[in-house]
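Just so you know, the protein sequences line up as chains A and B, in that order. Those letters in the first sequence? Residues 2 to 406, per this note's numbering, in order. Those letters in the second sequence? Residues 2 to 406, per this note's numbering, in order.
In short, the hints are calculated from the structure, not lab data. One thing to keep in mind: the hints can contain errors.
Identical chains blur together in the list; that is why a pair holds if it fits in one copy or across any two.
Derived lysine to aspartate or glutamate pairs resembling DMTMM-like cross-links, with alpha carbons at most 25 Å apart [claimed, not checked]: (1) Lys290 to Glu331; (2) Lys37 to Glu52; (3) Lys290 to Asp273; (4) Lys290 to Glu344.
Protein chains: 2
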Amino acid sequence: MSQPRGPLSQLRRGHEELVLGLLRKHGPLSRGELGKRCGLSRTTLYDILAELVASGAVVTATSQEAPRGRGRPAETLTLNPDAGQAIGIDFARRALHVAAVNLAHEVVGSASEPHDADLPWEERVELAARLVGSLTGSGAGALRLGALDAIGVGVVGVVGSQAAEEDPTVPHPAQVLLRERFGVPVLLDNNTRLAALGEAIWGAAAGGQDVLYLRLSHGVGGGLVVGGSLHRGAYGLSGEFGHITVEPGGAPCDCGGTGCLETVASIRAVLDAFRAAGGRAADVPELVKAVRAGDQAALTLLSGVGARIGEVLAALCNAIGPSVIVIGGELAETGAALVEPVERALHDHVMPVSRHRVSLRRATLGEVAGALGGIALVLHESPLLSRYPGGPDLAEDPIPDKESR
Amino acid sequence: MSQPRGPLSQLRRGHEELVLGLLRKHGPLSRGELGKRCGLSRTTLYDILAELVASGAVVTATSQEAPRGRGRPAETLTLNPDAGQAIGIDFARRALHVAAVNLAHEVVGSASEPHDADLPWEERVELAARLVGSLTGSGAGALRLGALDAIGVGVVGVVGSQAAEEDPTVPHPAQVLLRERFGVPVLLDNNTRLAALGEAIWGAAAGGQDVLYLRLSHGVGGGLVVGGSLHRGAYGLSGEFGHITVEPGGAPCDCGGTGCLETVASIRAVLDAFRAAGGRAADVPELVKAVRAGDQAALTLLSGVGARIGEVLAALCNAIGPSVIVIGGELAETGAALVEPVERALHDHVMPVSRHRVSLRRATLGEVAGALGGIALVLHESPLLSRYPGGPDLAEDPIPDKESR
Numbered sequence: 002m003s004q005p006r007g008p009l010s011q012l013r014r015g016h017e018e019l020v021l022g023l024l025r026k027h028g029p030l031s032r033g034e035l036g037k038r039c040g041l042s043r044t045t046l047y048d049i050l051a052e053l054v055a056s057g058a059v060v061t062a063t064s065q066e067a068p069r070g071r072g073r074p075a076e077t078l079t080l081n082p083d084a085g086q087a088i089g090i091d092f093a094r095r096a097l098h099v100a101a102v103n104l105a106h107e108v109v110g111s112a113s114e115p116h117d118a119d120l121p122w123e124e125r126v127e128l129a130a131r132l133v134g135s136l137t138g139s140g141a142g143a144l145r146l147g148a149l150d151a152i153g154v155g156v157v158g159v160v161g162s163q164a165a166e167e168d169p170t171v172p173h174p175a176q177v178l179l180r181e182r183f184g185v186p187v188l189l190d191n192n193t194r195l196a197a198l199g200e201a202i203w204g205a206a207a208g209g210q211d212v213l214y215l216r217l218s219h220g221v222g223g224g225l226v227v228g229g230s231l232h233r234g235a236y237g238l239s240g241e242f243g244h245i246t247v248e249p250g251g252a253p254c255d256c257g258g259t260g261c262l263e264t265v266a267s268i269r270a271v272l273d274a275f276r277a278a279g280g281r282a283a284d285v286p287e288l289v290k291a292v293r294a295g296d297q298a299a300l301t302l303l304s305g306v307g308a309r310i311g312e313v314l315a316a317l318c319n320a321i322g323p324s325v326i327v328i329g330g331e332l333a334e335t336g337a338a339l340v341e342p343v344e345r346a347l348h349d350h351v352m353p354v355s356r357h358r359v360s361l362r363r364a365t366l367g368e369v370a371g372a373l374g375g376i377a378l379v380l381h382e383s384p385l386l387s388r389y390p391g392g393p394d395l396a397e398d399p400i401p402d403k404e405s406r
Numbered sequence: 002m003s004q005p006r007g008p009l010s011q012l013r014r015g016h017e018e019l020v021l022g023l024l025r026k027h028g029p030l031s032r033g034e035l036g037k038r039c040g041l042s043r044t045t046l047y048d049i050l051a052e053l054v055a056s057g058a059v060v061t062a063t064s065q066e067a068p069r070g071r072g073r074p075a076e077t078l079t080l081n082p083d084a085g086q087a088i089g090i091d092f093a094r095r096a097l098h099v100a101a102v103n104l105a106h107e108v109v110g111s112a113s114e115p116h117d118a119d120l121p122w123e124e125r126v127e128l129a130a131r132l133v134g135s136l137t138g139s140g141a142g143a144l145r146l147g148a149l150d151a152i153g154v155g156v157v158g159v160v161g162s163q164a165a166e167e168d169p170t171v172p173h174p175a176q177v178l179l180r181e182r183f184g185v186p187v188l189l190d191n192n193t194r195l196a197a198l199g200e201a202i203w204g205a206a207a208g209g210q211d212v213l214y215l216r217l218s219h220g221v222g223g224g225l226v227v228g229g230s231l232h233r234g235a236y237g238l239s240g241e242f243g244h245i246t247v248e249p250g251g252a253p254c255d256c257g258g259t260g261c262l263e264t265v266a267s268i269r270a271v272l273d274a275f276r277a278a279g280g281r282a283a284d285v286p287e288l289v290k291a292v293r294a295g296d297q298a299a300l301t302l303l304s305g306v307g308a309r310i311g312e313v314l315a316a317l318c319n320a321i322g323p324s325v326i327v328i329g330g331e332l333a334e335t336g337a338a339l340v341e342p343v344e345r346a347l348h349d350h351v352m353p354v355s356r357h358r359v360s361l362r363r364a365t366l367g368e369v370a371g372a373l374g375g376i377a378l379v380l381h382e383s384p385l386l387s388r389y390p391g392g393p394d395l396a397e398d399p400i401p402d403k404e405s406r
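All chains, please: the whole structure from these sequences, using the hints.
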């Protein structure tokens, strides 16, 4: 899915980074000035520049300043403000979410639309193209599809370099159809893992290098950001927190196991348990209402569910050592009634030396987290856009015209 | 502890890698030939070469071939076979282990010596220097201390970029004393984590990119190799598998918690439980004897301990998705009596889709695993020696004179 990462392609990427970084820092530069600053041979530099211009990332301009001597004004090179845009699409089970960023890594827009779970892939991609099109306005931050760099896509299920379920040589239908439609590389990952990456870059754990994200929804899953990168696991099977056993010999789970966290902490499990306890809630918003009304059965139930979640998180903290844990998904809408018991159990079961070092937070990106994570995937994998927005590089090296917005 | 890793130092490192890779692949090359192949400017290349020659990694030689035209023979550059050697030292609680590799990343020797737990740091470093000295023979693979590149050191306790227990600006005494003694950079990490890295590179999980290592010794701990790199965690607190709760409200643990895996699966815990069950074993070798003699109490005990371990490993597999789990430490000497119940519990509790994907293996490096991991740390962190031995790069790009040994 990604570009090969041998030493030579990494070197090439390093050269592109260097050139783009110089243009970010100094604004327009002539080829000669670039050559002096980057330490590359003329041949290598001109190769790199030709590719950057061909890709639309860099544009040529005639210098506005008067030439020092006689002759024609020097041609300068500058970043193309419309270039390097990236799109993220989350093909969730029953809804589609899209988001887009510009070269400055600013989110220029997002959109969502629900659909039937059995909508065919052709129609999902049509819908995605329409939503992406809705982001292309005429304002300053508008998206120009011609300048698209790549698309990062989240899908449900196992995705990885050696995917467990599918032949990795067969591309996902979303990948094939989007590549046909937009003519750019399409990077793919599991949408819950991408939500983890989104929260670690733009959301509740922004700037965190080691982040654990848990999503409590119809399924229970999550993702790990390890040392600033999305962790996939050897077979694309990481982040399956919902299938950790919490009740040996407990209820059967969709995964084929029994007593998994998902059998206790999914939306269905919680609503079923609430009804069994005499409560009335057809969906999560009704459960949230009951919680807000101080319904004792709801509070007791969530306290028990939270304790189970906290125990699992404590075990994972001892093993992995994240600085931030983010809890997302619809059930997190129950707020403190769930999160406080999680925090208590986490505190009780994490190694004492780690207490107060890990911060538990609610997710902030909502349903577009996966689409934003798709963009982050593009920014990581693309040789043209490999930096984190707001990361240490950009913080030290601000984009000159950022102030004037 | 490590070199700064900004885009520019990464680029520089990439250039050094490129030059060293060309010399590995093609043997001796002239400056002109190197220049043609590497695409760097003359200035950059000569800078890099001057540094590589000054560091002793590369040496100059006069070409043996007749010059094509008139004039003096061309000077060529070649890898220095004695250069870039790295030493690993594991300062365990009651013993010291050292190991060394040459530029070809071959282990040229290792040595161990037990000592009292309260031996002062000055004397430990003296002992280390003596053991390292014992590795310098006069054979072809002998170590020349003058060519030392760096030392990787394992110590007991929390080590990390933001170590929890210690002020990270205060270097560890081993670091200070070794730097004085050898005059080279000293890289430090937790010795159990380094054993994980050692097993992932030279040992039971050689070549594994995602490896979980569990050590069952006086303490219970381990380490994670994630995407081919040692994972430290946000506060240097990863790999604390021994402090995952397995018996809520169980026995008190040295960490301050209760019911931790360590209270069930450490050497002391197992020997105590064996005696409580009427068995007789003063130490692990006696326990191993009992197991081999078919002692039913020992087998039942280890079956229960193994089940607890397997449950913890299954939870971690669902979260992290390693391809290999390595079990080391003295208790692993009990063999199948422990490992089979671990395997059964792992199989029962890991997500069904992940079963048969993760391989459970016993550690193979024994007590020098930590010292070898220290070397791996140097190979990773050093700009001159950043490749894995036997990794895909070297496999595709063999060292020319490797055949003639």
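Structure-based check of all given hints:
In this homomeric assembly, Lys290 and Glu331 come within 25 Å of each other (Cα to Cα) only inside a single copy, at 13 Å, whereas the closest approach across copies is 55 Å. Taking CA atoms no more than 25 Å apart as the test, Lys37 paired with Glu52 passes in both settings, with 19 Å inside one copy and 21 Å between copies. For the homomeric pair Lys290 and Asp273, the shortest alpha-carbon distance inside one copy (16 Å) is at most 25 Å, but the shortest distance between copies (53 Å) is not. With identical chains, the CA atoms of Lys290 and Glu344 are at most 25 Å apart within one copy only, with a shortest distance of 22 Å there and 45 Å across copies.
Consistency with the previously given hints is maintained throughout, with no hint failing.
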